[in-house]
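**Q** Position chains F and S with the ligands against the provided structure of chain X, taking the given hints into account.
Protein chains in written order, with our numbering: chain X, 1 to 268; chain F, 269 to 520; chain S, 521 to 793.
If you are wondering where the hints come from, they were derived from the structure by calculation, not from laboratory data.
Just so you know, not all the hints are guaranteed correct.
What the hints assert, rightly or not - Covered stretches of chain F, as calculated for chain X (at least 3 residues, CB under 8 angstroms): (1) 295-309; (2) 321-330; (3) 367-379.
What the hints assert, rightly or not - From chain X, some residues computed to sit far from chain S (all C-beta separations above 10 angstroms): (4) Met42; (5) Ala83; (6) Ile251; (7) Glu256.
Think of the CB as a built atom: it goes at the ideal place given N, C-alpha and C, for glycine as much as any other residue.
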Amino acid sequence: MNIALKFWSGYVRATHRWPIIATIVPFIPVVAIWSIVANSGMFPRAFFPAPVDVMRSFISLTYKGILPDYLQDSLIRLLFGAAIGVALGIPLGILIGSSRLAHRICWPVLLFFQAIGDIAWLPILLIWFGFGLTTMTFVIVYTVLFPIVLSTVLGVQSVHRDLARAAQSLGASPMRVLWEVTLPGALPNIITGLRNGLGYGWRALIAVEIIVGTSGIGFMMFDARRAGSTVEILLGMIVLGTLWYIVDAWILAPIERATGQRWGLVTS
Amino acid sequence: MKTLSLKNLRKTYFDPYAGSQVTAVQDVSLDVEQGEFVSVVGPSGCGKTTILNMIAGFIPYTGGEILIDGNLVKGPGPDRGVVFQSFALFPWKTVLENVGFGPKMRGVPKDERDRTAREYLALAGLSHAADRYPNELSGGMQQRVGVVRALANNPAVLLMDEPFASVDAQTRMTLQEELTRIWQERKPTVIFITHDVAEAVFLANRVVVLSKGRVLDQIKVDLPRPRVWDQLIEDETFKRLSAQVLQMVRAA
Amino acid sequence: MLVAPGQKVRSRVAWRGMNSLVGAALFVTPLLMLVGIWAIVVPLFNVNPRIFPSVGSVAEAAVAAIGDGSLIRHIGASMLRVGLGTLLGVLVAVPLGIAMGVSPAVSAFLTPLFRFFSVLAGIAWIPIATLWFGYGFGAIIFVIFNAVFFVVAYNTLLGVSTIPMTIRNAAASLGAGRWALLTEVLLPGALPNIVTGVRTGLGFAWRGLIAAEMIATNVGLGYMLFVARDFYRTEVIVLGMIVIGVLWLFIDRLLLVPLERATIERWGLVRRT
Ligand SMILES: Nc1ncnc2c1ncn2[C@@H]1O[C@H](COP(=O)(O)OP(=O)(O)OP(=O)(O)O)[C@@H](O)[C@H]1O
Ligand SMILES: [Mg+2]
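If we strip away everything but chain X, and leave its shape as in the complex, we get:
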């Protein structure tokens, strides 16, 4: 008991010094259990590979250059789609957030199209654009767009009316009010929207690559599915999870916190 406690306090201190330990250690038991189950022969190895197999596949695919290539393809698609989504979403959100009439007209339409969801567009997109980049980009833009628009609207509406009035009575033109007050005021919400949007976009990308696929992580997973190779499917999932973890926990979440906290606009 005493030793366990000592161990625990050592762990707590270590995680305090190097927070990354707190991120990695919880995965150790998961991998261990996985390894034990796989080695126990409960399931056929081809069906339920061990961590070592996945590791081996990771090394070989990286060495052959397939994994880096696919990863790059997926990331570029995601970033490209997200960039377009942001470029469309923020202005649209500002318009809908600041104009009553635009809100009346656009809000129901927005909710409806959001409800249709990205994936359901695939069949008709395949008819329109075929299996290709256009289809994939469309789906990602579509996915990223809604969270950004919806949270931009929320952000714009959450800016206190007195702030815009203060700027006006200090001589700001409508464009300046937009730039100096509305945008910064909505920024924390916009970043939250971006974070959600990227999360959804990532999933959509995988689905599209599975169905449309010619390359990318999703394609790799589904190609492996066709060949019955569980190892590569698991590898794909792990790569996806890790990548998103890094992007979300180490880039997006800190940005989100930083904007909100410094200004005291902390949103939970």
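**A** Using the frame of chain X, we list chains F and S with the ligands on its own:
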């Protein structure tokens, strides 16, 4: 010289629940001299905020006219500085940037507007807080920033709607004393709205009492300046004027 | 004017009814306008029906699909899968989440795991699910279960760990045993988070469902869309999209949002979602 004049000002709102017009301001005429400090008091709902918002140009008026230096008011503008009860500081700008906002909108170069802003911050005793963000300041400090931000823009009229209502009693007294001091130094024209009769008398050259959207009465306040609470609290004239205004408000 | 209490209440209810009717009309009007534009544009530009269908042909497709019972069958299959998968997911996730959230150390330890798995929620499980369970019902249920499970468990854990220690102590000092603490304090305290989790998880599950049905089955809305694509039946595709949109709008706006609002407002816990 008249700086601000209201002529037969009127405002009706549409009440969507009752489906009818509600008169908030019935008929208000008022002239304010350059450099005058006018307090406006009146019971809740008598139309004080509505009048101030119309002068500021935040809401349109139904009838009559508002003139600033002879020009008709149409919308908000830098000739009327506003100090808000909610402070309305830009949370994403430092104190210095907040105070320099008005000059920035006029296209004043950064060096110069920083200099102006620092000068005004010194006036309010806030030089040390220049690089902080508003949420890092106490309520009293935030409202000081709010006041000098409006002043730094050199408005013809300074409009204040219960600016000290949301700070604690001690701080409020300090702010009131500071405001009279700053007013004496700069002589801005001020319209100051408040619920607090003592505050109204303490600050003003003239107290206007409103009732049901009309001017009920006005009282000149000829107390000597500088005004400090320690002295005025015992002052007979101050007590008499306060009592008089209080009576009018309660009768309103 | 004197008004009897009952009368007043009734008139207020009527007014509120009017209000929600007006609200519904305001909501539907822009959508109807959109249909109007669609009805004008398609014949005006003589759009090829293989590219985009006319309003009429979609209506015909709807009548046909309802008539031969296929639409109902597809909807039924999809709803059954979502319902069952969600139910399983919530039933497993909530107790687990509460158990994990009770100790701050345990919940801190597990948070990274959930973060990792929550991005995989839904779609990324499709390849392995179909390998393990074969194409069909099992794989799809597994995908939906996954989508719901990780998100709900994580939110439950979050919800429980945000209940202040003082409240737990207060309950304990008022004589609450373990079971009472669970049912009287932890579960209600975490409920707003649980509901939010269910809403998010169902969103992922719904998307995962459509994707999985395109790949791994022979009935369901996703399948209906994907098969129609093979024959360039755009009117069936658009019909399917509208059905999917309307269904989700109903599930989300009429069920999940009010539920979320009710739990959050009832306890005055204003939390942002
Ligand atoms: N936007 C509005 N729509 C409808 N009626 C309004 C609106 N704003 C104010 N009123 C009404 O106009 C009248 C005057 O309101 P106003 O806010 O000017 O009062 P006030 O003197 O500032 O009160 P207080 O001292 O409580 O701040 C009130 O009866 C109020 O109900
Ligand atoms: Mg008021």
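**Q** All hints are to be evaluated individually against the structure, with a verdict given for each.
**A** Tested hints:
no., hint, verdict
1, 295-309, "violated (count 0)"
2, 321-330, "holds (count 3)"
3, 367-379, "holds (count 4)"
4, Met42, "13 angstroms, holds"
5, Ala83, "20 angstroms, holds"
6, Ile251, "13 angstroms, holds"
7, Glu256, "12 angstroms, holds"
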